[in-house]
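Throw the hints in and build the complete structure from the sequences for me.
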Amino acid sequence: DMKVTQMPRYLIKRMGENVLLECGQDMSHETMYWYRQDPGLGLQLIYISYDVDSNSEGDIPKGYRVSRKKREHFSLILDSAKTNQTSVYFCASSFHNSGNTLYFGEGSRLIVV
Amino acid sequence: LAKTTQPPSMEAYEGQEVNVSCSHTNIATSEYIYWYRQVPHQGPQFIIQGYKDYVVNEVASLFISADRKLSTLSLPWVSLRDAAVYYCIVTDLSLNNYAQGLTFGLGTRVSVFP
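Protein chains in written order, with our numbering: chain A, 886 to 998; chain B, 1019 to 1132.
It is worth saying that the hints were derived from the structure and are not from the lab.
Keep in mind that this is a model prediction, so the values were computed, not measured.
Using N, Cα and C, we set each Cβ at its ideal position, and we do this for glycine too.
Be a bit skeptical, because a hint or two may be false.
[As the list claims (entries may be wrong)] Derived lysine-lysine pairs resembling DSBU-like cross-links, with alpha carbons at most 35 Å apart:
hint, chain 1, residue 1, chain 2, residue 2
1, A, Lys-888, A, Lys-954
2, A, Lys-888, A, Lys-967
3, A, Lys-898, A, Lys-947
4, A, Lys-954, A, Lys-967
5, B, Lys-1070, B, Lys-1087
6, A, Lys-898, A, Lys-888
7, B, Lys-1087, A, Lys-888
8, B, Lys-1087, B, Lys-1021
9, B, Lys-1087, A, Lys-898
10, B, Lys-1070, B, Lys-1021
11, A, Lys-888, B, Lys-1021
12, A, Lys-955, A, Lys-967
13, B, Lys-1021, A, Lys-947
14, B, Lys-1021, A, Lys-967
15, A, Lys-967, A, Lys-947
[Said to hold, decoys possible] Covered by chain A, according to a simulated footprint, are these stretches of chain B (three or more residues, beta-carbon under 8 Å):
hint, stretch
16, 1024-1036
17, 1063-1074
The structure is reproduced here in structure tokens:
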């Protein structure tokens, strides 16, 4: 069906709580990404995963970690969320050999209070 | 990687053609030009890519100047659904840079009026 699905779509957490954002894709893409988007800053790359258990830091990895135990699933974890992590988070995926054609999910809006 | 410059915003009425320009004066010979768009409350969506000359698909057309320093995304007969932020991205395919992800700037916000 060529889709990237993110859950949850909306989330409100208190500062210090743990956050789990989940992403799934049904295209057998090897590579998956997590971005965050803030007004005036555009999209910033947090982490990249090349395949199961093969992850690499993006431009702003501090405060985040990821997990990829299955090719079709990529999780973003915030241990002890901070208010400055309030943002919209986007997951994306691509084939290994066409890494510039990304398929994005609809985003997960996180508010940390 | 080449830096891109786009107008921050544009406006059009339904049915008009919209041309979004992108300047990439330092583009390298190994770099390609990609366009994405993002409608509200959704992630970016790939529109078109090109290296030189003219590329067309069912969504848009892309004109690239002879020196490759300027590209123009053309949206014929825009509708309200075309209101979005349009991103021009220049990136290198030659070094397997899939590992680096794509760098999105602030793009061009296209507003469409009925």
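Structure versus earlier hints, numbers of those that do not hold, lowest first | 9 and 16
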